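Chains as they are written, first to last, in the working numbering: chain W, 144 to 412; chain F, 310 to 595; chain P, 325 to 679.
If you're looking for bench data, these hints aren't it; they were derived computationally from the structure.
For clarity, every value in this text was computed on a predicted model and none was experimentally measured.
C-beta atoms are modelled at their ideal positions from N, C-alpha and C, and glycine is treated no differently.
Watch out, some of these pointers could steer you wrong.
[To be verified] The following residues of chain P were derived to be distant from chain W, with all beta-carbon distances above 10 Å:
| id | residue |
| --- | --- |
| 1 | 397 |
| 2 | 399 |
| 3 | 400 |
| 4 | 430 |
| 5 | 431 |
| 6 | 497 |
| 7 | 553 |
| 8 | 623 |
[Stated by the list, open to error] Listed below are the simulated BS3-like cross-link pairs for lysine-lysine, each with C-alpha atoms no more than 27 Å apart in a straight line:
| id | chain 1 | residue 1 | chain 2 | residue 2 |
| --- | --- | --- | --- | --- |
| 9 | W | 326 | P | 462 |
| 10 | P | 439 | P | 499 |
| 11 | F | 317 | P | 429 |
| 12 | F | 317 | W | 326 |
| 13 | F | 317 | W | 372 |
| 14 | P | 462 | P | 429 |
| 15 | P | 499 | P | 458 |
| 16 | P | 462 | P | 439 |
| 17 | F | 438 | W | 372 |
| 18 | P | 439 | P | 514 |
| 19 | F | 438 | F | 543 |
| 20 | P | 439 | P | 496 |
| 21 | P | 440 | P | 514 |
| 22 | P | 429 | W | 326 |
| 23 | W | 201 | W | 213 |
| 24 | P | 496 | P | 462 |
| 25 | P | 440 | P | 429 |
| 26 | P | 440 | P | 496 |
| 27 | W | 326 | P | 458 |
| 28 | P | 557 | P | 514 |
| 29 | W | 326 | P | 514 |
| 30 | F | 317 | W | 250 |
| 31 | P | 458 | P | 503 |
| 32 | P | 496 | P | 506 |
| 33 | P | 506 | W | 326 |
| 34 | P | 462 | P | 499 |
| 35 | W | 201 | W | 326 |
| 36 | P | 440 | P | 462 |
| 37 | F | 317 | W | 243 |
| 38 | P | 439 | P | 429 |
| 39 | P | 429 | P | 458 |
| 40 | W | 213 | W | 372 |
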Amino acid sequence: MNPAERSQRWRASLLWAWTLTVVVFMYLPALCLLLASATASRYFTFPIPKWGFDWWQKTFNSFEIHQLFKTSISIALLVTVIAVTIAFFGALAFARYEWKGRSLYQKIVLLPIFFPQSVLGLALLLWFNAVGIDLSWKSAVFAHLVWIVPVVTLVISIQVYSFDPALEEAAFDLGATRWQVMKEVTLPVLFPGIFSGSLFAFLLSWGNFPLSLFTTGADTTIPEYLYAKMVAGYTPGVPVLGTVSTVTAAFLLLGGYGLIVLRRRARLK
Amino acid sequence: MATATDRKARQGPLNAVPVILFLIVGFAAPLLAVIGYSFMPERTFGLFQKPSFDNYVTVFTSTSYISFLWSLGLAAVTVILLALICYPIAYGLARVFGRWSTLLTLLFTIPLFVSENVRLYGWILFFIKNGVLLGTLKSLFGIEIQSWLFTEGIIVLGMVYVYLPFMLFPMTLGVSMVPNETRDAAFDLGATRWQVFKEVDLPLSMPGIVIGFLLSFVLAVGAIVEAKVLGGQKVIPITHDIEIAFTYAQNWPLGSALAVLLMVVVGALVLTVLRRFDLDAILGRR
Amino acid sequence: MTTRLPVIELRQITKTFGNFTAVHSIDLSIGEGEFFTIVGPSGSGKTTVLRMLAGLESPTSGDIVLRGQRINDVPANRRPTCMVFQSLALFPHRTVGQNIEFPLKIRDVAPEERKKRALQLMAQLRLPEDYYGKNVTKCSGGERQRVALARALAYNPDILFFDEPLSAIDYKLRKTLEKELKDIHRETGKTFIYITHSLEEAMVMSDRIGVMRLGRLVQVGTPNEIYTAPNSKFVSEFIGDVNIIPVRLANGNRLQSDELGAEFSAPGMPAGFSVGHLVVRPESLRIIERREDAENVLTGTLYNEYALGSRIQYQVRVGEQVFIVERLRQQALNGRLDTQVLVGWNARDSILVGD
């Protein structure tokens, strides 16, 4: 190995070491949550005096927790469906068609992402009040959408950028109606982007706190519940829920990605 | 008569309509409402009172500006730390890690979908008295030190933790935009590694870096949970002030004025930066 | 040459995009079963013309007529035409068979029928039968071309359009595919309308060629006509290496070149000619030993040679101008580089054009 290669190897090792350290840093809290959930005692001390999974059982059996899950999932599912529909067309306008004003449009769409969420939540609170809408999980859906629609538009746009417009023209030229073109060509080819977008929409809604805090009214989502409990009334049920939340997200993401890879491999056989 | 060319020109705007309509009702309107409220007399709740500037006077004469400075300061420190932490990772992801990049990116993405307060609570469990860190030190090594919680440093740690992906992903995008051949050409012409970095890597990945800076700064300025959860009452950022005005103090107009100030700062920053960007070049059309 | 009935015609077709005129009032008539190629440099408007014929763009003014019927308002998916795109536009999420069957599938043809037709086309285009279930992204460049062609032929369109399909392919494969395309044209008997920027490619395959420049149709004719009787400097230069001498009318119907300080005999004089260019092809220019061996003679220095396979190209400097002479390999001149030579031609081997 000559000196150039050696120094390159060395640099690569450094980069790896640094990156893995940061990865550990990212997951340390999750680890702590896991540990804190496995205690049988009411308060958290480390090292754990008595291990036990009682709190896991308590949490899974709790009616209150079931309600929370229902609220969070309802919001997330509704947000996903609406966001992906609006964002799909928005992404086509973003990346597929040439039109005057597209550049301005792109920046307008991205604006809600570059915005402090807590301020957005408060603004929506004000707005709902001014317009006379009662706060409930439905208003939270709307609030989530304001932030999530731009994100999903961005995600789908990235896929749309690499879409060859000639594919649609070819299908049209070969005799397909506009609906057939959408069904047979546009949607299938853009599917990976749409799938990623849906995943993003669901997970971002599922884990969202600032927007939910101000707009759910009497209903409560899991993040709101956890926050309330963190501030006052800690039980090991908190880390249980926290761990479940993290694991669900990891599972959905890795699973979703795995599906995409499998599908791609199956198609290429 | 709708010709093929006419139809094509209309496709873009037509597809944009749902998003734009939605954003008008869901984003522009609420912000306008906030601006409207900020001109209402103190402690009122409707939008149709006689307008006044009282709130802005209050804002500029009270101690709110301290909170404001704290928010900006914390955000700035966070962003600089993030840049230093993330650039090597971004470089590795784009250039060095090969087929592991996707898995690593996924690993960095997962925490994004777990809400901030959950993740931050993990840190509390780590740093609290008798928590993971101090408990281990005490039992294994018999060392007893004061908890690091409720300091400014911890707040920064929390913010770095939460906003890391928002710096990392744009940066990775930026680094991947540097064509390999350009770097090779610089080497071939005699540049040292440092020169290549300074003259090629840094300038060409600048769009991604700038977006990373912008995104993490703007989001960090709007941070509220880190200071509350990890910092106790030690630091009150502006967002907390706003929240208090809206909830405990029941003073929506004042809260709105504070929010407007924040929006103006953020908006000015975002518009100046984003205006110079050709998003097509960065995001897709290579 | 048999006269064909016109199958598609462009009448006074103009296309503007905002302030930019891409196509200026073109008249063109293409015969049934013809292989017609539109040639031109980029920006000449040839792609726009093709897209208007296919229905993917609408003309700003003028008529497109198919067998006597005006089809301006007929959308692309209802014209009996099919286009092979430059990027081929094969559906990446479908197999070879599914791509070929697409036009049949959307016309509700039964699966067994579709498969039969697909396999028939694959055989005709020399694609192995086991490619039927293969994903198109795994096929080679040449194979993908054939799949695209099979797909375009699937429902038997009357006219096929080709948008520079061979421009991104390497030389050897391109030569093979050019010949194959010409064979398939003869086998199917359909009208092929092809565009390319390479006149050489057009000459290999076409029955007739139309040369376009800056939105106008400059000359239309058979490959032979374009080659031996170009009507302008532009068209003559388009073929490739050619010798062009700016000339003006001199006494006694002779041509005077001021730069070279010489006079030449003319191959025939168009009426009203005063200023123009004299075009001499490299193979018509000869390196001679004695002045008497040719009607028009110039003295120059042999300053470079290029081996082109079966031919050798010589560059001769006459004053400031460089002349290109082509000889067969067997007639190579050895050891005469940097010496003085005589180049000459006879008037009938030259062409006189205006501008």
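Now the hints, each set against the structure:
{"no.": "1", "hint": "397", "result": "holds, 16 Å"}
{"no.": "2", "hint": "399", "result": "violated, 8 Å"}
{"no.": "3", "hint": "400", "result": "violated, 5 Å"}
{"no.": "4", "hint": "430", "result": "violated, 5 Å"}
{"no.": "5", "hint": "431", "result": "violated, 6 Å"}
{"no.": "6", "hint": "497", "result": "holds, 21 Å"}
{"no.": "7", "hint": "553", "result": "holds, 36 Å"}
{"no.": "8", "hint": "623", "result": "holds, 55 Å"}
{"no.": "9", "hint": "326(W) / 462(P)", "result": "holds, 24 Å"}
{"no.": "10", "hint": "439(P) / 499(P)", "result": "violated, 31 Å"}
{"no.": "11", "hint": "317(F) / 429(P)", "result": "holds, 26 Å"}
{"no.": "12", "hint": "317(F) / 326(W)", "result": "holds, 19 Å"}
{"no.": "13", "hint": "317(F) / 372(W)", "result": "violated, 55 Å"}
{"no.": "14", "hint": "462(P) / 429(P)", "result": "holds, 23 Å"}
{"no.": "15", "hint": "499(P) / 458(P)", "result": "holds, 26 Å"}
{"no.": "16", "hint": "462(P) / 439(P)", "result": "holds, 21 Å"}
{"no.": "17", "hint": "438(F) / 372(W)", "result": "holds, 19 Å"}
{"no.": "18", "hint": "439(P) / 514(P)", "result": "holds, 22 Å"}
{"no.": "19", "hint": "438(F) / 543(F)", "result": "holds, 17 Å"}
{"no.": "20", "hint": "439(P) / 496(P)", "result": "violated, 32 Å"}
{"no.": "21", "hint": "440(P) / 514(P)", "result": "holds, 21 Å"}
{"no.": "22", "hint": "429(P) / 326(W)", "result": "holds, 13 Å"}
{"no.": "23", "hint": "201(W) / 213(W)", "result": "holds, 17 Å"}
{"no.": "24", "hint": "496(P) / 462(P)", "result": "holds, 21 Å"}
{"no.": "25", "hint": "440(P) / 429(P)", "result": "holds, 13 Å"}
{"no.": "26", "hint": "440(P) / 496(P)", "result": "violated, 32 Å"}
{"no.": "27", "hint": "326(W) / 458(P)", "result": "holds, 22 Å"}
{"no.": "28", "hint": "557(P) / 514(P)", "result": "violated, 33 Å"}
{"no.": "29", "hint": "326(W) / 514(P)", "result": "violated, 31 Å"}
{"no.": "30", "hint": "317(F) / 250(W)", "result": "holds, 22 Å"}
{"no.": "31", "hint": "458(P) / 503(P)", "result": "holds, 26 Å"}
{"no.": "32", "hint": "496(P) / 506(P)", "result": "holds, 16 Å"}
{"no.": "33", "hint": "506(P) / 326(W)", "result": "violated, 35 Å"}
{"no.": "34", "hint": "462(P) / 499(P)", "result": "holds, 23 Å"}
{"no.": "35", "hint": "201(W) / 326(W)", "result": "violated, 48 Å"}
{"no.": "36", "hint": "440(P) / 462(P)", "result": "holds, 23 Å"}
{"no.": "37", "hint": "317(F) / 243(W)", "result": "holds, 12 Å"}
{"no.": "38", "hint": "439(P) / 429(P)", "result": "holds, 10 Å"}
{"no.": "39", "hint": "429(P) / 458(P)", "result": "holds, 18 Å"}
{"no.": "40", "hint": "213(W) / 372(W)", "result": "holds, 19 Å"}
The structure does not agree with the numbered hints 2, 3, 4, 5, 10, 13, 20, 26, 28, 29, 33 and 35 stated previously, though it agrees with the rest.
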